[in-house]
Each structure stands twice: as structure tokens, then as C-alpha cells.
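J.: Residue numbers (the working numbering): 1 to 329.
Keep in mind that the hints were calculated from the coordinates and are not lab data. We put the beta carbon where it would ideally sit given N, CA and C, even for glycine. Treat the hints with care, since some could be wrong.
What the hints assert, rightly or not - Label-pair restraints from in silico Cβ distances:
(1) W260 / N46: 41 to 49 angstroms
(2) E51 / R240: 29 to 37 angstroms
(3) S5 / G194: 32 to 40 angstroms
(4) Y101 / F282: 45 to 53 angstroms
(5) G93 / L295: 48 to 56 angstroms
(6) I198 / V123: 18 to 26 angstroms
(7) S5 / V141: 41 to 49 angstroms
(8) V141 / Y191: 41 to 49 angstroms
(9) E204 / L127: 40 to 48 angstroms
(10) L35 / S239: 31 to 39 angstroms
(11) L139 / L197: 21 to 29 angstroms
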Amino acid sequence: MRLRSREILAICFGLPVIVLSGAYAWLVAEHGSLLLWNVTVHESGNYTLGETILYFRHFLREVPTLIGMALFTVAAYVSQAGVPQLSDARTRGAAGRIALYTLGSATMLVLLSFLIAAREYGVSSALLDLGQWRTRDDLVVAGSHWRFHWLSSLWFAAAAIVAVRILAWLHASDATGAVTPRGIWWIAGGYFIGLTLIFGLSREIFLDPRYVGHQAREILTHGPVTLPLTIGALYVVVSRLGYARGGMQKSVAPFLSRDWLAIAALVLSLAIPLGLALGTLFGNALATGQRDHGLAAMVAAHFFEHLLDYVLTLLMVIGAYALVAWRRA
Numbered sequence: 001m002r003l004r005s006r007e008i009l010a011i012c013f014g015l016p017v018i019v020l021s022g023a024y025a026w027l028v029a030e031h032g033s034l035l036l037w038n039v040t041v042h043e044s045g046n047y048t049l050g051e052t053i054l055y056f057r058h059f060l061r062e063v064p065t066l067i068g069m070a071l072f073t074v075a076a077y078v079s080q081a082g083v084p085q086l087s088d089a090r091t092r093g094a095a096g097r098i099a100l101y102t103l104g105s106a107t108m109l110v111l112l113s114f115l116i117a118a119r120e121y122g123v124s125s126a127l128l129d130l131g132q133w134r135t136r137d138d139l140v141v142a143g144s145h146w147r148f149h150w151l152s153s154l155w156f157a158a159a160a161i162v163a164v165r166i167l168a169w170l171h172a173s174d175a176t177g178a179v180t181p182r183g184i185w186w187i188a189g190g191y192f193i194g195l196t197l198i199f200g201l202s203r204e205i206f207l208d209p210r211y212v213g214h215q216a217r218e219i220l221t222h223g224p225v226t227l228p229l230t231i232g233a234l235y236v237v238v239s240r241l242g243y244a245r246g247g248m249q250k251s252v253a254p255f256l257s258r259d260w261l262a263i264a265a266l267v268l269s270l271a272i273p274l275g276l277a278l279g280t281l282f283g284n285a286l287a288t289g290q291r292d293h294g295l296a297a298m299v300a301a302h303f304f305e306h307l308l309d310y311v312l313t314l315l316m317v318i319g320a321y322a323l324v325a326w327r328r329a
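Using the sequences and the hints, build the whole thing.
T.: As C-alpha cells, this is what we get:
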């Protein structure tokens, strides 16, 4: 089976729309109102839908994690599709402009969020959020946010590899002329390992019901939304730069060759959510969450709490790939 470009894009952009629409419909059914902007929907009971979407303190906490997710997505895509050789000055200039506008917009989004959070709660509070001290407003522990997202971040890296390999298998072409720089893997891996060394690891990541449940929910959120969005965006950008069919080159079935990275990624992408799901169901993880306002607040509203995350990750993924293409030209 081979998928056409529009079918690939329909999956990559249609799935997030369906998931977000379903989450909104769940909240509508829960609160009995079609217009939810001013309705309290957050699991803490403190924020309306509008405040949940524009929850800048939470967004700042996510930034280091999102950078890692963006780097791993670009690395996975580059390892399969490569980077097109930009043969003319016009295309090279387009890649440079894409990188400038998207990475510049990403930087401005983070700076603006920091300024708003600092104005409302103080600079020290905003720095605590960005520095991974908080997972919830009332929990302040050094490095805790990174540890609360460690397994889900590792899963995202593995899932990006798996998703891109499957895309290449279903949508291969005879495209040639690409280069496959390996440096992006060193950057992505070094970033993840470096922040892990800074913020530390703990047994709670694997055993504590709060950690297990939180990471399971992160996968439930980023898996059907952030992952397809970023891969779809890269497909569009690569095609716009003149590389047919998103740069996907012919390959055998994705996990039948001696590609140990792909095999390890497949195992991790299945084992991590399975383990977290079992831990959530049988480890009393739900009881440790902020569940006073119902399951819809814990699950459905969480998709909208990450809305700014989707935007930032998209900007960083597009910008990083365009920057690599521009530098390789």
C-alpha cells in the first residue's frame, strides 16, 4: 500500500483536529455549555478554558521538554529523508527566511510568555517555572518537572523514529540528491542527556503513581496531536523546498532490516505506554491527581492546556529543519 501526499497530510493534520474536537465535545457535555471560554474547566478548579489555553506559567515549564521533542523529531525525519540539496539561491534564501521567521517567532513566544508570567507572579516565580522547579502551582521541587516528563520525552523520541519510518514505507519515492547529516542526533541526544544530568533521575519516575499517571497523560496528549502535527509540518516544508514526496525515500519494511535504532525505538514506543498504562490502572495513579473536578478536567482540558506547546513545537521543528537545509546548501 502506498499513500499519496494528500492522504499523508489528511492523517497528520486531521487526527489532531479530530482529537481536539472530541476533547472539546467532552467538555461541552460535562459543563452543558457550547461556549467554554469563560467556564472553569481546569483540573485544579482555578482556570477557565481561556486561562487554561493562555496558562503561561505552565507553558514556561514545558519549554525545555518541547525543545527536546522538536530536536528528536527533526533528527528522526532527517535520518530518513535527508536534507535536500538546495541548488539555487532562491530556494536557499527561502530556507533561510523560513528558519529566521519560525525560530524568531518561537523565541518571541517564549519571551512574551515569560514577561506576562513575571508581571503577574514575579520574575523569580517565572524563573522557577522555566527552571523546572514546578509541575503544579503548589509543588516546588528542584528539577521535578523534567523528571515528571522523562519517560514521556523518551517515548516521544522513539515514537518519532517509528512514525517517520512507517511514513517512508507507506510513501516512498525515488528521490535522490539528499544528504543525511548525523550531527542533529548528537545535538538531540546530548540535549536530553545533559538536562537529565542537570535535573537528575529518581526511582519515582518509574514507581511513584503521580509520576506514572502524569507521564501517561503526556503521551495521551502529545501522541495523537504534537507528533502528527510536527511530522506533517516537516513534510510540507520539505516539499516546499523542492524535494518530492516530502523527501521520503524507498526502503524495506521499516523494522525488518538490521537497524538497531529502529528496533529499539519500536520496543520503547510500545513498552513505555504499556508500562505507564498498567501503572496508572493498577497503581492508584488516578487517585493522586487533581480529580475533584472530574475526569474531563484531567484529560480533556489537558489537551487545551498544551495548545501553546503545539504552536511552539511546530515553530521549532520547521525552523530547525529549514536551518539545517540552509546551512547544508
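J.: Which of the numbered hints are not met once you compare them with the structure shown?
T.: Structure breaks hints 8, 9.
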